[in-house]
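Protein chains: 2
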Amino acid sequence: MKYLLHRVFNVGSFFPTLNMPQELEPDLVDAILHEVARMAEEVLAPLNQSGDSSGCRFESGRVLTPEGFKQAYDSFADGGWCGFTGAPDYGGQGMPKLLSVCLEEMLFAANSSFALYPLLTSGAALAIQAHGNPSLQASYLGSLYSGKFTGTMCLTEPQSGSDLGLLKTRAIPRQDDTYSIEGTKIFITGGEHDLTENIIHLVLARLPDSPAGVKGISMFLVPRQLLNENGTSGANNQVKCGSIEQKMGIKASATCVMNFEGSIGYLVGEPNQGLACMFTMMNYERLTMGSQGIGLSQYAYQVARDYALERRQGRSPIIDNSGSEDASLLADHPDIRRMLLTLRGNLMAGRALTFYTAMKLDVCKFSDDRDAIESATVLVDLLTPVVKAYCTDRGFEDCVSAQQVLGGYGYIKDWGLEQCVRDARIAQIYEGTNGIQALDLLGRKVVRNQGSSIRILVTEIEEFAARCKSHESLYRKASVLKRSTDELMSLTQHLVKLARSEPAAVGVAAVSYLNLLGTVTYGYMWLQILANANFDEEQINGENYLEGIRTAGEYYFDRMLSQVRFWTDTALAGLGPLLAMKSNQL
Amino acid sequence: MKYLLHRVFNVGSFFPTLNMPQELEPDLVDAILHEVARMAEEVLAPLNQSGDSSGCRFESGRVLTPEGFKQAYDSFADGGWCGFTGAPDYGGQGMPKLLSVCLEEMLFAANSSFALYPLLTSGAALAIQAHGNPSLQASYLGSLYSGKFTGTMCLTEPQSGSDLGLLKTRAIPRQDDTYSIEGTKIFITGGEHDLTENIIHLVLARLPDSPAGVKGISMFLVPRQLLNENGTSGANNQVKCGSIEQKMGIKASATCVMNFEGSIGYLVGEPNQGLACMFTMMNYERLTMGSQGIGLSQYAYQVARDYALERRQGRSPIIDNSGSEDASLLADHPDIRRMLLTLRGNLMAGRALTFYTAMKLDVCKFSDDRDAIESATVLVDLLTPVVKAYCTDRGFEDCVSAQQVLGGYGYIKDWGLEQCVRDARIAQIYEGTNGIQALDLLGRKVVRNQGSSIRILVTEIEEFAARCKSHESLYRKASVLKRSTDELMSLTQHLVKLARSEPAAVGVAAVSYLNLLGTVTYGYMWLQILANANFDEEQINGENYLEGIRTAGEYYFDRMLSQVRFWTDTALAGLGPLLAMKSNQL
Chain X
1 MKYLLHRVFN VGSFFPTLNM PQELEPDLVD AILHEVARMA EEVLAPLNQS
51 GDSSGCRFES GRVLTPEGFK QAYDSFADGG WCGFTGAPDY GGQGMPKLLS
101 VCLEEMLFAA NSSFALYPLL TSGAALAIQA HGNPSLQASY LGSLYSGKFT
151 GTMCLTEPQS GSDLGLLKTR AIPRQDDTYS IEGTKIFITG GEHDLTENII
201 HLVLARLPDS PAGVKGISMF LVPRQLLNEN GTSGANNQVK CGSIEQKMGI
251 KASATCVMNF EGSIGYLVGE PNQGLACMFT MMNYERLTMG SQGIGLSQYA
301 YQVARDYALE RRQGRSPIID NSGSEDASLL ADHPDIRRML LTLRGNLMAG
351 RALTFYTAMK LDVCKFSDDR DAIESATVLV DLLTPVVKAY CTDRGFEDCV
401 SAQQVLGGYG YIKDWGLEQC VRDARIAQIY EGTNGIQALD LLGRKVVRNQ
451 GSSIRILVTE IEEFAARCKS HESLYRKASV LKRSTDELMS LTQHLVKLAR
501 SEPAAVGVAA VSYLNLLGTV TYGYMWLQIL ANANFDEEQI NGENYLEGIR
551 TAGEYYFDRM LSQVRFWTDT ALAGLGPLLA MKSNQL
Chain W
1001 MKYLLHRVFN VGSFFPTLNM PQELEPDLVD AILHEVARMA EEVLAPLNQS
1051 GDSSGCRFES GRVLTPEGFK QAYDSFADGG WCGFTGAPDY GGQGMPKLLS
1101 VCLEEMLFAA NSSFALYPLL TSGAALAIQA HGNPSLQASY LGSLYSGKFT
1151 GTMCLTEPQS GSDLGLLKTR AIPRQDDTYS IEGTKIFITG GEHDLTENII
1201 HLVLARLPDS PAGVKGISMF LVPRQLLNEN GTSGANNQVK CGSIEQKMGI
1251 KASATCVMNF EGSIGYLVGE PNQGLACMFT MMNYERLTMG SQGIGLSQYA
1301 YQVARDYALE RRQGRSPIID NSGSEDASLL ADHPDIRRML LTLRGNLMAG
1351 RALTFYTAMK LDVCKFSDDR DAIESATVLV DLLTPVVKAY CTDRGFEDCV
1401 SAQQVLGGYG YIKDWGLEQC VRDARIAQIY EGTNGIQALD LLGRKVVRNQ
1451 GSSIRILVTE IEEFAARCKS HESLYRKASV LKRSTDELMS LTQHLVKLAR
1501 SEPAAVGVAA VSYLNLLGTV TYGYMWLQIL ANANFDEEQI NGENYLEGIR
1551 TAGEYYFDRM LSQVRFWTDT ALAGLGPLLA MKSNQL
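For the record, the sequence lines run as chains X and W. The working numbering numbers the first residue of the first sequence as 1 and each following residue consecutively. The working numbering numbers the first residue of the second sequence as 1001 and each following residue consecutively.
It is possible that part of the hints are untrue.
Not everything, but these chain W residues come out facing chain X in the computed CB check (under 10 Å) [as the list claims (entries may be wrong)]:
(1) SER1053
(2) ARG1057
(3) SER1316
(4) ASP1320
Taking CB as the label site, the calculated pair distances span [claimed, not checked]:
(5) X/PRO46 / W/GLN1302: 56 to 62 Å
(6) W/LEU1309 / X/PRO134: 45 to 51 Å
(7) W/ALA1037 / X/ASN584: 18 to 24 Å
(8) W/ARG1312 / X/SER243: 36 to 42 Å
(9) W/PRO1158 / X/PRO21: 53 to 59 Å
(10) X/PRO158 / W/GLY1231: 54 to 60 Å
(11) W/GLN1302 / X/PRO211: 36 to 42 Å
Hints listed in this document are in silico derivations from the structure and should not be mistaken for laboratory results. Predicted model only: the values in this text are computed from it and were never measured. Yeah, the Cβ is synthetic: ideal placement off N, Cα and C, and Gly gets one too.
Input sequences plus hints: build the corresponding full structure.
As structure tokens, then:
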């Protein structure tokens, strides 16, 4: 992280260009990272396996989190981490998203279930900060930032998942400018728990006579307990948890069925603008999910690497075995190296991509430069679905690969990697399935604007690649990357045209297109990483760290970037049978 | 299954060419399939989720299987299924492997944990039948076939997994031609349980003064209870279960640490030939694991398909929505179709490949034609690692895709697909990890014989493709398949040469090579499937079954076969950094 922040993305120059609440000198950045790491290692990681084993319990309407979670949460809140990116006016720390993704990645790596309680809270606070009226802000933000309250997003209903237009929860105006909320929401992360005295729900619901579909959705703030005049939590607000889900993973995160039975709600933002309000924070949340993929596979990588550096089986053809009776280290077997370097190739680039996208979000929020904001906005919109889907798909696959390195031990609970796989799986599903992300990318972010957004990104990549060509060690890589952007643009143009006559082409090509763009942007990140590595300087930590980066980068360009061709080949392949298929033939 | 058996592989002509213990008319084949299906649906499937939830329990040395397993096992054994492929001399039914893979796929689809108890027994019985002396056969085979006893394979030790040469368990000769077995085995499937009165372990161990490595391993039969003279189970034999593993999945299958504490063992086969004896049944077992991948993804496909045909979200661009306010079926969204057709493409071909390989095993066992046996042996050796690894890798991925079709519901236990994913994961690991399978394929089965085996398979494929070219509807597919075998052979020749100067190339290319061969053989299976479908005839079951097959086949050739290029491109890519990497750079 420090290497990327300081060397590749140069925060020492970047932060001063922003109009942030506080100065962030490089030393302070490092101090923050170390403090987060300490908390992740000492407070959260020790509860990861035990939390998975015991899970949350549901007892007569209340949810009990696993042993130790309450203390850990209090310690986390006391550290001020709940308000890390919050507005300083209400006690938030006003930190940039770039540091927040570091925090998030570490939380997910250490304890994904735990991470979701404060991270959903940040999302809710962000929406209130952006769209709530001053009175709502004054009443709730302070307690959300301090961790006294947590927050949730209540979107999904049994009949309404990917298609929010189908939601039925109603908001009936009362006489006092408040609303009576009635309906059932499902899959509500942290909908009920025992960590805090109050839980603040952001609920999507329909006002009477609102238009059908997504244009008739409004957002409401619905506290579990109504607030007393002095700001303390008071009377129950008819918000009831009906049950919690038994899930594949993230078992210590309570996934709740929430029943709103005439609960009092406060309108957030304008009527019928609920989806737009929700989407304010969607870019933040979806970026966060990318960090879950990176964090869990980072952890999985560490376990697999350590195992491969200790376990001896068979004789490697790579190293000199003469004079030794010992079996070789797993790490010296080519196929194990293939897995470890693939993880490395994805991890470093994936982390870089979350950092890169976070920086663009920071520009949008803190910059005074309108041109910079404009182009950053375009890139955030374009890259958010890529980070959400590509980083979580690779994250899951990489956890599976790391598990494979351990052989039979990978399947056993004690070793932790099977939990990684189960916990990583959800990130491909929630906050919009990865298929939905791909449709969002290709449909809304590419085809709808005739590829103008992607052209901005590709221009940036090509300019960077052109500059790298003057370095001998980067020439070939820059050339390969340029060829991949050529393929990307040529497919883009084809799809933009084709979509006019065949709208289904977007759905057919979406997942391939997202994978193609992900592979190319990872290549772009690797080129940036390699361009900023000065291999002559002394080793970092005495561990040949830079040489390791170079090897992993070589590997990415030699082996992994060739997926570009595959995704291009497959994008529209099978269009005929896909359209021809009839339901009764399945 | 019936379509493949009767139409594609034409068992009506095939079985009469074999010298089997009984005649198997097509009607009898169907009756057997229906009986297996009934048992799988009515007896085993109902225990699948409950078995997963409760798992096995370990209590003071004993293992308790989940509620209902004992009754289900008794009913399974009473049906004669434990001795399905067993030798009729000892009460086995002498059925061909071709029908056994049907049985196995259904067992795994219905209840993978349960399936392992009888399937490991079959493997043990097979080894005893092939290598045990008449006295051992007479004492044990009858009870294994009747299901009165179960069997295990005791290979793995804590320090010895993929590398069996490292195993330490000792066999010390006693005065009476028996041996005293001492050592600890781990990951022993069904090592201890409460289903039967006795458990027969086949244990790999070292005789005193035996050579180091795999050449000094012998196989011993070690019963949990010694047999009385009348064949009943008697005194304890110092075989102790130390604990059972907490695992990601197959939780109702007991995975045991087994301690042999001076247990009496009987030599099976010749001294120091233990590995060869074990490998007799390896081809059978590994083929069986392929059926686990197929079975679980078949089940997952059915759940995902049914969900997609019921759940409505969003508006599909494919179908005519005019005049309807309803959201479209998931099954009408292109990206959902992409997932379902990908499953279908793998499932049908994967099942066909297990059938095809089983038929070759049947030729080896039952044919009188020496030439046929010779070429079948070559193909079995070549295809076994492909079936084991490719079918289980695709099986796992396909379970994950099916889970994705269900969105959030896929992550919830009630819907069953998260269990499919967890249960399918083990098949990539046990019976030799899929990485080991790839090394076995490319190293032992291809490079070592200079590609002569693969040439036999490719010649068969190319001859078949050439015949198909005369059919208009198959011309393009046959041509594409021919190009893919060209790529396969050209890579093969390159690898055979390269391996002489760079032995590590085998390890670098192995997984890509296996995937390449898997993709090509699936294409071969699809061509056979399509060539045997007469699309003019009336619908089967009134469900447009044949049209569905045709669409899925089109899809395979249009979209999925293009992986050939990817696997060819990647086979040797990254060789440089893979070899250059140093452990301390990881």
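Okay, the hints, checked on the actual structure:
1. With 10 Å as the threshold, the beta carbon of W/SER1053 comes within range of chain X, its nearest partner Cβ sitting at about 9 Å, so the hint holds.
2. The restraint placing W/ARG1057 at the interface with chain X is violated, with a minimum CB-CB distance near 15 Å, outside the 10 Å limit.
3. Hint status for W/SER1316 relative to chain X: holds, with the closest Cβ pair at about 8 Å, below 10 Å.
4. The interface hint given for W/ASP1320 is violated, since its Cβ lies 12 Å from the closest Cβ of chain X, which is over the 10 Å cut-off.
5. For the pair X/PRO46 and W/GLN1302, the supplied restraint of 56 to 62 Å is violated, since their beta-carbon distance comes to about 42 Å.
6. Evaluation of the 45 to 51 Å hint for W/LEU1309 and X/PRO134 yields a pass: the beta carbon distance comes to about 50 Å.
7. Separated by about 22 Å at the C-beta atoms, W/ALA1037 and X/ASN584 satisfy the suggested range of 18 to 24 Å.
8. As the Cβ distance of W/ARG1312 to X/SER243 is approximately 24 Å, the hint placing it in 36 to 42 Å is violated.
9. A hinted range of 53 to 59 Å for the beta carbons of W/PRO1158 and X/PRO21 is consistent with their spacing of about 55 Å.
10. Checked against the hint of 54 to 60 Å, the C-beta distance between X/PRO158 and W/GLY1231 comes to roughly 59 Å, which is consistent with it.
11. For the pair W/GLN1302 and X/PRO211, the beta carbons lie near 39 Å from each other, so the given range of 36 to 42 Å is met.
Checked against the numbered hints given earlier, this structure breaks hints 2, 4, 5, 8; the rest are met.
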